[in-house]
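There are 2 protein chains.
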Amino acid sequence: MSFNALLARRAGIDTYQQPVVYLRSDCDVCKAEGFQSQAQVEVTSDGRHLLAVLHQVSGNWLRNDEIALSESAWNLMGASEGDELVVRHPPVLDSLTHLRSKLHGERLHYAALRALMDDVSRGRVPDIHLASFVTMCAGDGLDLEETVALTRAMVDVGERLDWGMSPVVDKHCIGGLPGNRTTLIVVPIVAACGVVMPKTSSRAITSAAGTADVMETLAPVDLDLAAMRRVVERECGCIVWGNAMRLSPADDMLIRVERPLSIDSEGLMVASILSKKAAMGSQRVLIDIPLGVLTKVRSPAAADRLSRGLVSVGAALGLQVQTVFTDGSQPVGRGVGPALEAMDVMAVLERRADAPQDLRDRALLLAGLILEMSGKAAPERGNLMAREVLDDGRALAKFIAICEAQGGLRVPPRAAHVRSVRAPVDGMVSAIDTRLVARTAKLAGAPRDPAAGASMHVRVSDRVKRDDPLYTLHAQSLGALQYALSFVHSQLPIVRIDAGVGMASVTAP
Amino acid sequence: MSFNALLARRAGIDTYQQPVVYLRSDCDVCKAEGFQSQAQVEVTSDGRHLLAVLHQVSGNWLRNDEIALSESAWNLMGASEGDELVVRHPPVLDSLTHLRSKLHGERLHYAALRALMDDVSRGRVPDIHLASFVTMCAGDGLDLEETVALTRAMVDVGERLDWGMSPVVDKHCIGGLPGNRTTLIVVPIVAACGVVMPKTSSRAITSAAGTADVMETLAPVDLDLAAMRRVVERECGCIVWGNAMRLSPADDMLIRVERPLSIDSEGLMVASILSKKAAMGSQRVLIDIPLGVLTKVRSPAAADRLSRGLVSVGAALGLQVQTVFTDGSQPVGRGVGPALEAMDVMAVLERRADAPQDLRDRALLLAGLILEMSGKAAPERGNLMAREVLDDGRALAKFIAICEAQGGLRVPPRAAHVRSVRAPVDGMVSAIDTRLVARTAKLAGAPRDPAAGASMHVRVSDRVKRDDPLYTLHAQSLGALQYALSFVHSQLPIVRIDAGVGMASVTAP
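Line by line, the protein sequences give chains A and B. Following the numbering used here, the numbering of the first sequence begins with 1 at its first residue and continues without gaps. Following the numbering used here, the numbering of the second sequence begins with 1 at its first residue and continues without gaps.
In isolation and in its complexed conformation, chain A is listed as follows (with noise of 0.2 angstroms):
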């Protein structure tokens, strides 16, 4: 073996995507280079090579001559049991300079972010190192001139789209409010007036449902780059999920950093979102930002001064971008979890008596405005031509054709057990927690079990009556229902309700 080489290992550990390394602390590598846990570490055979964190293991599961890989590690380095890898100290960072000059009060400009970006994206840059970066970002830390070279950064060390077509619309919403899942109703109005809207989409990461999750529950969404554009040039439109493309990865590397951090840049946010529609090819965008007391944006002020950063920005990069604010105070239709959300959405888009008024009335708001934004419907004629499409029934064979494209309709399954909770008392409707009925919904088994989820029967300001239904809660399992119920019962009520006003017209005098 050659010096410092080691024997490959899965240790089937996952450490996200920070990719960490496993060695016994006596073996020779160690004692050789004078390792210590959590020392960053370059390993590399035949010409692959990864950065990895250094941990050490002194119990018996790993031999002297063996080297084990975290789930990240072994992807990124395409490893194999038996492999030999050779583990060095690392090189030096060039990019990294860059931080240091940024300290010392110098603008960051293209080239260094640039530079910044690859090595980011290639997952040679530390968490520690990422979250420094962050840190120098904060708040106003980044101008505006930086926020554009830094999403140009993004946007260049990744893959870019270009789709031969114009305009290609899309749009984007800021932070998550629970059944908020316009998407799957504007891509098919839209696409049905002309208009290409190529929707790429997410899966959950902390809430009950992405909207890759719940389209996932009505058509395939793990389309490659070539199935996506055949689906797009066929109908218009798609909703896939976003994740084969590569587009703008060190958006990702970024965002595993700053949500833990829970630190606020404007620049940050604005170069993550206009990135990645830039790297989709997108040319006009509208952003829907719901405004609520636990929404990511809480304050009129706030959402103004990031609106006017998203508008800039984007026109710097080529980009038209448009902003909404729409109301997030309660969750939006009645399904929070992958298969309650789809059943709102067909509600709607099959114009049912118990369709679900405001996912109805916000997704013809989005689309009226992307219409007018994309030129086929004049100023101030986008709501009624959506409304049009929405109920002449165009938008729902649209959206069945869209389905078809990417691999074939399907019906959402149904959970196997369900369990309302009901009103302690008489009353009002005061609040519903946005937080505790994604939590709840995800305890159910959403989205890992499609079916699984919590199905809100009231809205706030509604009158409920003692034993009246509050909201369902739908599982796989018996064991996951009683699960959410007893975290339920552990926590401060969901659904909120003002006895007293129920009371006033009864004691005032």
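Hints listed in this document are in silico derivations from the structure and should not be mistaken for laboratory results. There's no promise every hint is true.
Same chains, same names: a pair is fine if it fits in one copy or spans any two.
With a straight-line cut-off of 25 angstroms between C-alpha atoms, the simulated SDA-like cross-links for lysine to any residue are [to be verified]: (1) K31 - L436; (2) K465 - H489; (3) K31 - D449; (4) K31 - R435.
On the provided structure of chain A, position chain B as indicated by the hints.
Leaving out everything else, chain B in the frame of chain A:
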């Protein structure tokens, strides 16, 4: 078992000071809480609690009802195999809000820094948040007042010693220089003059030997506080390992992140050094700042700025601080490695003819300055007093007495295998790479094998002939010796020889 409880298991994985727990991704707790890998989780059991990073396991070494703990998590938790541990989302740390206000331009005050350092010292603050804090402190990110407040906060969250004697003196050296083992000579000189000098030292972290490692080849160093007090009360001085004292524990956590980030923060460096000294109960502190191309402080201007910061912050904390700039261009003495350095120290104390003059001179310089600071020697008379104490044998007698008081004088071990590296040409020694010397000594086994290391036979400007020995490698096994030699041959030379100089006088007209 209670809600979210799992059975403890020791993973035998060393993640340095970052506690990590391992759960199966398909266990009930992960599903229920919606944990992702790299999530911060709180682990509790019978009032004990711990914050740790979660790594999810898909391999079959862990069961669904088990939680495995990394070494640091295991020790911090004081866990035993099979303990029932409950895993939850961690509480929101109030202290982190202070990080955000600093980001928004507010200055940090004592109360905020105290709360933050308290959480830091208890291991509650994840690495990426530490990295964010270090980034905010970068360069001159902390002003003088903030540095004073931070230093106080770091002292106040740990133990603080009070010797009931005055003055208590101390010394510190910034940045390692191989062989610079003056402490073992300075302490007995100063203590022999009746000045109290309770010295705690560190073991090697990245170097071939720490002062504690060197002292350990001559006497026990792993004393608890009570034992240390007895030594100091009897002998006026001691040289012990500082680890058990829990002095400025937050500093250790910050250093773990500062080192890989390699962000220079003058405020953090000053707070780090002075918090340890203040916690130690020191009153007058001499700080040795070696200047060289490979040392931590590389220019007289930087040393000057740092020096002013140390003196001002020290004054605010009631510490009298003085700095001295020394030559950091080559190793001090001959030995590099615990026992080899101990032999240099003993040669100086025993006034042997072959004692390394540079080590003797440096020790006399520092001891003289400390004697002046303590008031024991008149200004400009310290060096003379130190020399008298060294030359008449009082320093040796005091050193032996200190060693006896610490548990008994020992004879440093000698290595089983030695091999000299010889000059390839005639010429003059133009440079010695201090970093490569340290690395080679470590490959030979230092400081794990106390007898291992390197001994230098030449100094910069020495003339050598071809085949003269330049340095000798010492190792306990032939394998380690071969390993260090193969490293030596794979690198640029440790000792650079300028052959042209030897020629010059011959070829000059």
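_Hint numbers not upheld by this structure, sorted from lowest to highest_ = none
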